[in-house]
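The opening position of the sequence shown corresponds to residue 1 in full-length UniProt numbering, with each subsequent residue numbered one higher.
If you are wondering where the hints come from, they were derived from the structure by calculation, not from laboratory data.
Source: prediction; values computed, not measured.
Please note that a few of the clues may not be correct.
[Claimed, not checked] Listed next, with one range per pair, are the computed distances between beta-carbon atoms: (1) P174 x L133: 33 to 41 Å; (2) P63 x S21: 14 to 22 Å; (3) R197 x P172: 24 to 32 Å; (4) P116 x S181: 34 to 42 Å; (5) D245 x D32: 43 to 51 Å.
Here a beta-carbon is modelled for each residue, glycine too, at the ideal position from N, C-alpha and C.
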Amino acid sequence: MTALDVGGIRDVAAAAFAWLSAHREDFALGEDALTADGQVDATWKPLGELAQTCASVRAHSPPWDPLHACAADLLRFAWQQTGRGELFRHLQRLEPFATYPLEVYSVFASAGLRHPGYEAAAATTARTRGWRLTEQDPTRRLGVLKAERRSGIHRPEQDDPTLRRTWLGGLPEPWTFERSSGYALTHVVFHLTDWGRDPEGVPADLAAYLAHWLPPWLDTCLDAGMWDLGCELLVVASSLPDPPDPATLQDAWTRIARAQLDSGALPQQAAFQEDAAADTEPGFLHCYHSTLMAAFAAAQTVTCLSREAEGVPG
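Please model the complete structure; the sequences and the hints are all you need to start from.
Okay, structure coming up:
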């Protein structure tokens, strides 16, 4: 790809980060974040996803890169929203067997932001049979195991048996791909690669399977205007040992760039754009995740292309 093409992908990331920065208060934790009936999907989930995207982009970009600075600033904001980790200890007391606090906390821990008191409390709970026997689907279980390790909790359970029970790990017939399996497979790859940090974390048979089938799945999703899932697949594409060919990436990023609004927001899917006026931005909950994924995927793609140009493996 040419430098101009890479510049265009960087523009998508920069615009997305500009929107995220402008809307940081929408990610702030409200008073309901610690209530028994609080809406986790509207409080901790957006904040955790903001933290994950920013931690990943910060890790993948050099300090002099403006994207690095923006990601680092938003990561600090997210950490401050948690009381620098203290709110996780409160959550531990309220919901000792809930996994989402550890999953969110582990994002910060992976970035070097830690709260020893919470980690000690979480480790105590993790030693119970009740915690180990919590029923989870395989993709979620894989994520919890990774969250434990990020947070200093180690157990003998291995990833591979869990991985092979996931949709992707079973190497299913490619024509069975659909929206739900698409999101499942992207998260399996996120967990295996530590969100793009370790391309070699994908087993060889899965990497070969994805190298063959990811391009047509990506094309199908973008044809359907599924911008959110399309960006997640682009993160996967740039996290593999052998990313797709430049033409596939160029076509995908051209379509994502066209779908991105002037504000930098990216709607979850084309239907939201069709149902609203051309200059109307979808509500926060209908575009925050897809905008995060656009920022992450663009930054990850630029990193991948830079490494290829320099001849650096992975």
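Exercise for the section: Starting from the hint list further up, note which numbers the structure goes against and sort them upward. Expected result: none
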